[in-house]
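K.L.:
Let the hints inform the model, and build the full structure from the sequences given.
There are 2 protein chains.
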Amino acid sequence: MLLGHGSGGRMTAELLARFFLPAFSNPILDQLNDQAVFDVHGIRLALTTDAFVVSPLFFPGGDIGCLAVNGTINDLAMCGAMPLALSAAFILEEGLPFDDLQRVITSMADACRTAGVQLVTGDTKVVERGKGDGLFITTTGIGIVTHSLTISADRAQPGDCLLVSGPIGDHGIAVLSAREGLEFETTLVSDTAPLHTLVQAMMAVSPDIHCLRDPTRGGLASTLNELAISSRVGMRFDENRLPIRDEVRAACELLGLDPLYVACEGRLVAIVGARDADAVLACMHAHPCGAEARMIGEVVAVHPGMVTMRTVFGSERVVDMLAGAQLPRIC
Amino acid sequence: MLLGHGSGGRMTAELLARFFLPAFSNPILDQLNDQAVFDVHGIRLALTTDAFVVSPLFFPGGDIGCLAVNGTINDLAMCGAMPLALSAAFILEEGLPFDDLQRVITSMADACRTAGVQLVTGDTKVVERGKGDGLFITTTGIGIVTHSLTISADRAQPGDCLLVSGPIGDHGIAVLSAREGLEFETTLVSDTAPLHTLVQAMMAVSPDIHCLRDPTRGGLASTLNELAISSRVGMRFDENRLPIRDEVRAACELLGLDPLYVACEGRLVAIVGARDADAVLACMHAHPCGAEARMIGEVVAVHPGMVTMRTVFGSERVVDMLAGAQLPRIC
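Chains as they are written, first to last, in the numbering used here: chain A, 286 to 616; chain B, 286 to 616.
The reader is advised that the hints may include incorrect statements.
Intra- or inter-copy, both count: the list cannot distinguish identical chains.
Straight line, CA to CA, 20 Å or less: simulated SDA-like cross-link-like pairs of lysine to any residue [claimed, not checked]:
hint	residue 1	residue 2
1	K416	G380
2	K416	P341
3	K416	A463
No lab work stands behind these hints, which were simulated from the structure alone.
P.N.:
Here it is in structure tokens:
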């Protein structure tokens with residue numbers, strides 16, 4: 286097992302394809318969405334789980350606690366579900382300072398209140414010093430899907446528009462700025478935020494939202510590649526339409542990173558039928574989590590499974606999935 | 286943070302009371318059941334989560350994979366819920382052999398098939414070598430409660446009977462027998478098993494099942510103490526009615542352990558109205574997971590919150606919760 290297997294890139298996809306999917310294969314899991322949606326006595330429920338191992342535990346604009354709440358709410362939101370309840374399982378390392386635990390829990394509780402969702406059950410385990418890393422949190426969310434749309438990774442169609450809800454890469458760079466040995470000055474803060482009310486607002490103006498995904502591990506480039514592969518379509522976007530803050534550009538240059546692969550934790554990519562794209566974009570602009578939303582490109586029929594970018598120099602280049610980790614342990 | 290905080294004993298209870306419950310308090314969480322039960326549009330859903338950090342990953346009769354499936358199914362079963370779906374989040378340590386991962390996943394998939402439940406969504410993260418311990422798995426289960434009984438830790442009443450579904454301590458001793466530095470010869474295997482069909486059978490013969498709990502971390506003694514505290518009743522049982530295998534007794538003597546505190550992973554404690562106790566016991570005997578079930582004692586009005594044992598010598602002694610860990614990382 287290599288660190289790259291946790292990157293969210295091609296090595297993660299290979300790990301899933303080689304070990305997990307053959308063993309557990311079923312029609313829901315095989316959809317490879319970030320959440321499972323299934324019917325229970327006529328009610329559509331959504332279920333999603335994520336392990337959070339971000340290092341360090343605290344970073345500008347957030348910490349592992351609020352990240353674990355918002356991240357799971359967002360995985361529910363990406364199928365248009367409203368969160369009903371959360372669970373949380375803590376793996377604590379012997380020696381973790383109680384003050385750190387208190388800060389994380391307070392932050393989680395605040396994030397739950399902000400999002401209007403309750404933590405209803407949990408578990409705590411403790412491992413010996415040196416067998417963990419302070420604190421890992423796995424949150425699971427259950428949500429309800431009350432609309433009749435099917436929002437899924439395999440629904441992008443040629444002609445659809447690509448929307449991004451705000452600047453990319455803030456979270457990844459904020460975490461890096463706090464990382465030991467990499468500390469650099471920036472005013473940047475993580476974009477971690479719950480996106481379920483933004484999604485509800487978008488669905489209210491358009492029945493033609495085909496895909497939603499939050500570009501976390503692996504960043505925007507990996508997310509677009511996943512959607513292009515699942516939908517068997519091509520995608521094309523313009524470099525000069527990408528929302529990227531100057532601080533993120535500067536940090537990426539300094540560190541030799543490509544902002545296309547840097548994680549967000551409070552952004553979404555929406556793939557929307559062309560006719561509705563302007564209305565959805567306007568609706569996003571009216572929501573605090575979408576004020577800096579942009580239309581960046583479109584879905585194309587050519588080169589299915591491939592994502593390309595028109596560069597600022599006018600050329601077109603392939604934006605591939607990375608094999609391994611540009612930034613390990615970013616969430 | 287000390288290892289004892291993960292023991293499932295008094296230190297775990299204090300950790301919850303000091304940090305988690307004040308921050309997240311809500312009527313569902315505050316019940317301190319091993320699962321949350323709540324209504325969604327007239328359907329009663331159950332949600333439960335558990336992090337599994339057992340060491341070593343493989344032990345006689347099981348491994349972390351089947352344990353993670355059965356443990357979560359059992360937490361659903363303990364409120365009488367039937368499992369609908371599971372999620373699993375994996376925290377993998379860099380360097381974990383792929384063969385180990387394959388064995389664990391195969392075992393999980395087998396356990397899912399045996400129990401008739403599907404894994405519908407998941408997550409994988411990888412941490413650097415030395416920041417984890419091979420493999421941690423958090424499983425979350427969602428279940429449906431179709432009966433109208435309220436099975437809850439606070440429902441034990443004086444006069445109720447205490448039933449145990451089979452020999453106690455097998456799992457804990459099986460794990461210890463595989464632990465580095467503690468290896469000893471035994472033919473014992475873990476009792477890990479899914480108990481939802483046993484519970485369904487029990488509910489079919491009696492509407493008067495008040496409490497169900499699986500005595501995992503902290504063993505039978507901790508479970509009875511938890512139930513006595515939640516229900517504000519006393520409990521009394523007979524030492525000579527306890528089902529304990531000779532191998533478990535022998536290993537406990539060798540290691541200086543008390544079998545009352547050694548974990549099971551395929552047993553349950555049932556607190557049942559006296560009139561129905563014989564019928565429930567007979568029903569348990571007819572099920573493969575309850576063939577060795579015993580009635581061990583009764584709920585009493587005296588000494589609320591306290592558990593006592595009539596010893597084989599005829600005296601009565603208090604069976605307290607342990608403060609910390611008798612056996613760390615048993616599940």
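K.L.:
Take the hints in turn and mark each one as holding or not.
P.N.:
Verification of the supplied hints:
no.: 1; hint: K416 with G380; result: both (11 Å within a copy, 14 Å between copies)
no.: 2; hint: K416 with P341; result: both (16 Å within a copy, 12 Å between copies)
no.: 3; hint: K416 with A463; result: between (23 Å within a copy, 18 Å between copies)
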